[in-house]
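Enquirer: Using the numbering used here, you'd call the opening residue of the sequence shown number -17 and step up by one each time.
You may find that some hints are simply not true.
[Stated by the list, open to error] DSSO-like, lysine-lysine: derived pairs with alpha carbons at most 27 angstroms apart:
1) LYS(-9) <-> LYS36
2) LYS15 <-> LYS118
3) LYS17 <-> LYS(-2)
4) LYS(-11) <-> LYS61
5) LYS9 <-> LYS36
6) LYS36 <-> LYS17
7) LYS74 <-> LYS17
8) LYS118 <-> LYS62
9) LYS(-9) <-> LYS62
10) LYS36 <-> LYS(-2)
11) LYS174 <-> LYS9
12) LYS(-9) <-> LYS53
13) LYS118 <-> LYS174
14) LYS15 <-> LYS53
15) LYS(-2) <-> LYS118
16) LYS15 <-> LYS74
17) LYS9 <-> LYS(-11)
18) LYS(-2) <-> LYS62
19) LYS(-2) <-> LYS9
20) LYS195 <-> LYS9
21) LYS118 <-> LYS17
22) LYS74 <-> LYS62
23) LYS(-11) <-> LYS74
24) LYS195 <-> LYS174
25) LYS(-2) <-> LYS74
Note that these hints are calculated values from the structure, not bench results.
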Amino acid sequence: MQWRLSKEKYADRQEKAIRSHLYFSHKTPLYRKLKNVDMWLQENKVINLNIAIKTLNGLVLYPGETLSYWKRIGNPTAKKGYVEGMQLSHGKFIANIGGGLCQLSNLIYWMTLHTPLTVTERNRHSYDVFPDVKRKQPFGSGATCVYNYVDLQIKNETEVPMQLCLDVGDTHLIGAWRGEEPHELTYEVYEKEHWITHEYWGGYLRNNLIHRKVYNLEGEIIDDEYVTENHAIMMYQPLLETGKSRKNEQRHRGVSVKEKLPGVNTC
C-alpha cells in the first residue's frame, strides 16, 4: 500500500551493461559454523539468495529514484521457488520460506554506507545472538528485513546514476555499487562508542554508535557523520570490566536514517 500511495519514484530498470567506475564492493561468506543450526538451512539460504538477486542485479538507481528492497524482490513465496531457509525470530533460529535474505539486505546496506547514496529507511536487528568472533564490520552495521513492512530503502540524491551489482559465488555473496563517473569521496565507517547495560529485567543490552568519516581525493577528512545507533538484547552472557563501558573503534573504509526496532529479525 505504501508503494502505491508514495510519491517516491522507485527504481525499476535493470541493465546488463556494467557502469565503468567502482564505488565500493564487499563480500560475505555464505556458510558459517553456527551452533545448533543445521547446514541444510544455510544451503537453502543460498537457493533463496540466487532467486532474490535476479530482481536486483544490474538495477540502476537514477537521480531522484529510490530503491525499495521488498518492492523489487516481492513476497518470497514457495510458488516463486523460495525454500525454507535460516530465519532469526526473537533471538532464535527457525526454518521459514525465504529465510536468509537478510544477508542480502545487510550487504546492500553496508555497501551503501560507503557511497554518497542516502539511506531513507533501515531497521536494526533486535538481538545480538553470538559473541564477536573474527568480526570485520562494526556490530549493528546490518539491516533486518521482514516482508513487506520492515524494508530497506535507499535514495539517489546525487546527479549520477548508480548501479547495484550482485552475484552468488561458491563461497561468498558478492556485491558492488558502481557509477558512470569517478567518485570524489571515500568513506570510513567505524564504531565510535560501545557500551553494555544491565537491564532491570535481568538481561543485557548491547549498544553502540556508528559514525563515518568522509575523505576527499587528497585523503583529508572533511566530515565525521553520525550514521546510526543500535540497542540489541544479548543472547549470551557478556564479559564486562567492572565499572567500565567497553569502547572500540573498528575502522572500515566507505546517513541519518529512519529506524525502527522490530520484534522480529528475519535471518
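Enquirer: Mind checking the alpha carbons of LYS174 and LYS9 for me, to see if they're no more than 27 angstroms apart?
Expert: holds, 23 angstroms
Enquirer: Are the Cα positions of LYS74 and LYS17 separated by 27 angstroms at most?
Expert: Holds, at roughly 11 angstroms.
Enquirer: Could you grab the alpha-carbon distance between LYS195 and LYS9 and see if it respects the 27 angstroms cut-off?
Expert: holds, 21 angstroms
Enquirer: Given the proposed pairing of LYS(-2) with LYS9, does the C-alpha separation stay at or below 27 angstroms?
Expert: holds, 21 angstroms
Enquirer: Are the Cα atoms of LYS36 and LYS(-2) separated by 27 angstroms or less?
Expert: The given pair, whose Cα atoms are some 12 angstroms apart, holds under the 27 angstroms limit.
Enquirer: Sort out whether LYS62 lies within 27 angstroms of LYS118, counting only the CA atoms.
Expert: violated, 34 angstroms
Enquirer: Between LYS(-2) and LYS62, is the straight-line Cα distance small enough, at 27 angstroms or below?
Expert: Given pair LYS(-2), LYS62 holds - Cα atoms ~23 angstroms apart, limit 27 angstroms.
Enquirer: Can the restraint linking LYS15 and LYS74 be considered satisfied, given a maximum Cα separation of 27 angstroms?
Expert: holds, 16 angstroms
Enquirer: CA of LYS9 to CA of LYS(-11), is that 27 angstroms or under?
Expert: Violated. LYS9 to LYS(-11) sits at ~33 angstroms, over the 27 angstroms cutoff.
Enquirer: Next pair to validate is LYS(-2) with LYS118; report whether the Cα-Cα distance is within 27 angstroms.
Expert: violated, 31 angstroms
Enquirer: Taking 27 angstroms as the top limit, are the C-alpha atoms of LYS(-11) and LYS61 close enough?
Expert: violated, 31 angstroms
Enquirer: Is the straight-line distance between the alpha-carbon of LYS(-11) and that of LYS74 27 angstroms or less?
Expert: Violated, because 37 angstroms separates the two Cα atoms, which is more than 27 angstroms.
Of the numbered hints stated above, those contradicted by the structure are hints 3, 4, 6, 8, 14, 15, 17, 23 and 25, listed in ascending order.
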